[in-house]
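Protein chains in written order, with our numbering: chain U, 1 to 273; chain E, 1 to 427; chain W, 1 to 313.
Be aware that a few hints might be false.
Below 30 Å or equal to it, Euclidean Cα-Cα: the simulated BS3-like pairs (lysine-lysine) are [stated by the list, open to error]:
1) 422/E <-> 66/W
2) 66/W <-> 189/U
3) 163/W <-> 189/U
4) 329/E <-> 58/E
5) 138/E <-> 329/E
6) 250/E <-> 163/W
Since the hints were derived computationally from the structure, they do not count as laboratory data.
Computed from a predicted structure; not experimentally measured.
Each chain, written out:
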Amino acid sequence: MQTNRKSLVWHIPLLLIVLVIILPILFMISNSFKTLHDSYNSILSLIPSHPTLANYITLNHQINLIRVTLNTFGMATLVTLGKISTGLLAAYAFHNFKFHGKKIVYFIFIATIFVPFTTIMIPNYLVISKMNLLNNMLGVALPQMCDAAGIMLFLKAMEKVPTSLVESARIDDIPERKILMNIIIPILKPNIISIGAIFFINSWNEYVWPTLILKDKGSFTLPLALQNYISSEGGTNFPLAMALATIMIIPPLLIYVIFQKYILNSISSSGLK
Amino acid sequence: MNTKHTLKRLAGITAIIGMAALFAGCSKSQANDKVTHITYWHVNAQTLGGASVNKLVKEFNQTHKNIKVTAKFNPNMYQGLMQNLQSAQASGKVPDVVQVGWAYTNYFSDNFKYLNPNDAAQKFDKNTNSITKNFSPKTLSFAKNANGKLVGLPYSLSTPILYINKTILKKYGIDPSELSTWQGVEKASKQIKSKSGNYGVYIQEPADTWAQQAMMLSNGAQIKSNDGKAAFNSKAGQQAYQLYQDMVVKEKTALHAPWDQGMDAFINGKVAMAFTTVAQASHIKQSANFDASAIVAPTFKGKKLTVPVGGSMLTITAQSTPQQKAAWKFEKFMYKNSSLMTWDKGTGYLPPTKTALNSTIFKTYLDKNPMIKPAVDELGNAVPWTSFPKNGLDAEQSMIDARDQILSGKNVNQTLKSAQEKINVKQ
Amino acid sequence: MLSNNIQAKEKISSRSGPVKRGKKMNIKPFFYLLPSGILISIFIGFPVLYTLYLSFFNWNLISPTKEFVGFNNYINVFTDPTNRQVMFNTLIYIGILVILNFVIPYLISIIVNFFIGKTKGPYKILFFIPSLFSLVVGAMLFSWILNPVSGPVALILRDYGMKLPQWTNSGSLAIIVICLITNWKVFGYNFILLLTGLGSIPKNIIEAAKIDGIPKWRVIWDIVLPMNKSVSVYVLILTIVEGLQYVFTPLNVITQGGPNYGSSNILYHTYLNGFVLYKTGNASALATVTFIIFLILLALEIKFVEGGRKHAD
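Bound-form chain U, shown alone (with noise of 0.2 Å):
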């Protein structure tokens, strides 16, 4: 019973933050219903007094919706991709093989992640210029597709697998590459899983980048569609803008539901003890 009481006072603070969380999302919904009147003059009325589709059909004729997102999805999922195949072979590399400088290497990997954006994006920019991939997803994607963090992560993750295993395994002569696939994979399934949800989540959201290198609109990526509907010069069609960004939140959503075990417990059990 005292317990009972004792942890009900620990919810208050607790039920605050979901309350500071969820607000601002509530906001985004109920504005993306509002016409862009009443978004001025109802700013307080999370139930809109008018609710109406209008904004989400404004979108829809304005950008091509569909081809927008199966664009950010094509591109979230290249980059996804190759963040984990780089990743778990690199990692694999670290956890299972003894070598020259091994440290070395490992600190100049994982030093890449330290390096500001803002450092690389102009350089890259001239590379993949020189590609020939300017105004082409595989431009987006290609210098994103390794991800130090994810070595890390998946490296850390390794670490679960009993060395035994792996022993075991060499002792019959089994290649390496057979280790990787059929040994290691699966055990670490759900950390994959779980990473690479993350990976979509980032790059599903990822402006900056591609806002350089594409450049027609049938090529535009949520985020950047998004950029459409901001502009102080001509005032900020806010609830336009709320509209695409609840149609942007969508797919994560439903990554996250579909995948939500799996990323709430082994985020950190990727092998950070």
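Chains E and W: place on chain U using the hints.
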């Protein structure tokens, strides 16, 4: 043997990447040898006439079978466009037609290769009639660099106007005619503040000092002297900023906030007046719940109204002759009266050509959108936006810093003096 | 754990002939590292070296002439008053980020793990949701909600006769709001990381302490926190390094570093120099200094986290 497998795996990965490249490549339109492809870079978000740009480009492509224009939207206005252009130039693959904001006139002409409109007209029309007939000398002066050379053709023109909340003004017995001077605006703001507690006026504060320059100019100050040095630290310049500072810091009758937030406050009826660009007119009209109107920008008592012009020019950055020819054709299409009307209706900017300004379509459009009228009336008082000959972007930044310092309460005279010195060291 | 592997491999080597095996050992990891190695050298290694090179010039990246200035740009980083203010702001940012994105999530994860019984699930699910959002959306939303004159918070406060301060006009208040926006996004992620760390501490240790009558807070302070050190140092470093990158977006959307650099930090200032004023040399020197500072943090991370891990093995 294991190495072989690893190699195979690698080959597999390469294949996947290659396939992806192939897919990505498919989305690109097929190149046709006979068609000249050009790209047009603009800043027009959907809320700033983006739809009009798309409509015009589509129309052009339909009527010109041997040219294909691709339009690229660049977020974050002229600054964002210049960032992208900078990267493009560094990589050697530049677009063909570009909107350049006035503040970048000298930076652009110093650092980029472009075909100036006079040369383009000579090269492809054998005369410059299309320029001299359509544009007034004054309008052309907006697009000239420090050496007096025309860099591009003026495309979007805007001037700052004073938007007013007539509902509030009526309530407190303020007649709009009292707002023709900044002193009048100050007085009215005091009245509103004391009676309602709300702010009187908001003066736009983006990452440039366009509106603040308008205030100084309208007190007879110079921003840049004839020899290209900064000259705003004059008695007149100081007075203008002093009044602004007093309203913000001492009397707390003027709102000091970023542009978006300031405009939101005006549209919400929490600020009675807003001094900002004409491009905001349609947004205000759509969203305000009160009797919104606009009047000519205030000036200082006894001084002539002078406003810097805002907006952009179209420049040709195409490098090869066929590309340049296509770009010139595209520009001429964009300056047709009907195209300009589509453009101006979509963006809220003022038409750059004499012919369009005097056309009956524009006049009927003005009658339907009275908020734009004061901006047209001001065109006679417009001067080019200050663009310092050397280190111009640095100079603009110094003026922004000075504005921020003054509005946070620092001494006006000292701040302007040190800003001016800082700019002139580099001129 | 690494050493275990090595032993295993040595055992294998001795079986199938040391020379042949040894050769292979050297070449195989190379193939596994190749894909990431290539990508990293092209898209990160080259840019870093290029930036280092550019930091010794005055150039705008496109003009035909670049002027060699030696260490001038670096001297400028440390002597220019604006740069110094920006450095100082960066420290304030780090301080606030650590409190908001590390200390508070840590406290909350302790509460959730030790004080509320079994109802953890809903909190874990809800707290994580904002991490799905783009920071552009977050910045727009919060700028609107916290508009000091006409936002919903200001309107509610007005009803109670209170006023929201003009936070955009004060550097320190703007910094706090900008940090709060990133806090909204990363709170849940960091919370989950820390909570998982706490959850993996063996229950019997805590139970034993309870039986001995040691108060709960002492158990947490003396046993739980030290045991969770490697996770917490990891989250701490992540908070600082990623946090400084994260604040960039709201900073750019809301204040552009203003008023008068009051809310700017070293990363945003690099951007301003490089992408707004096109002073590539200055920006490169700033970026290099930032990178070196980050590397020092990384060295600390390796010392504590990686070192700590080996200890626990």
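Exercise. Between residue 329/E and residue 58/E, does the CA-CA distance stay at or below 30 Å?
Worked result: 15 Å, holds
For this session: Below or equal to 30 Å on CA atoms is what counts here, so check residue 250/E against residue 163/W.
Result: 18 Å, holds
Exercise. Is the straight-line distance between the alpha-carbon of residue 66/W and that of residue 189/U 30 Å or less?
Worked result: 52 Å, violated
Exercise. Given the proposed pairing of residue 163/W with residue 189/U, does the C-alpha separation stay at or below 30 Å?
Worked result: 52 Å, violated
Exercise. Between residue 138/E and residue 329/E, is the straight-line Cα distance small enough, at 30 Å or below?
Worked result: Holds, at roughly 24 Å.
For this session: Below or equal to 30 Å on CA atoms is what counts here, so check residue 422/E against residue 66/W.
Result: Measuring from Cα to Cα gives roughly 23 Å; hence the hint holds.
In terms of the numbered hints stated before, the structure departs from hints 2, 3, listed from lowest to highest.
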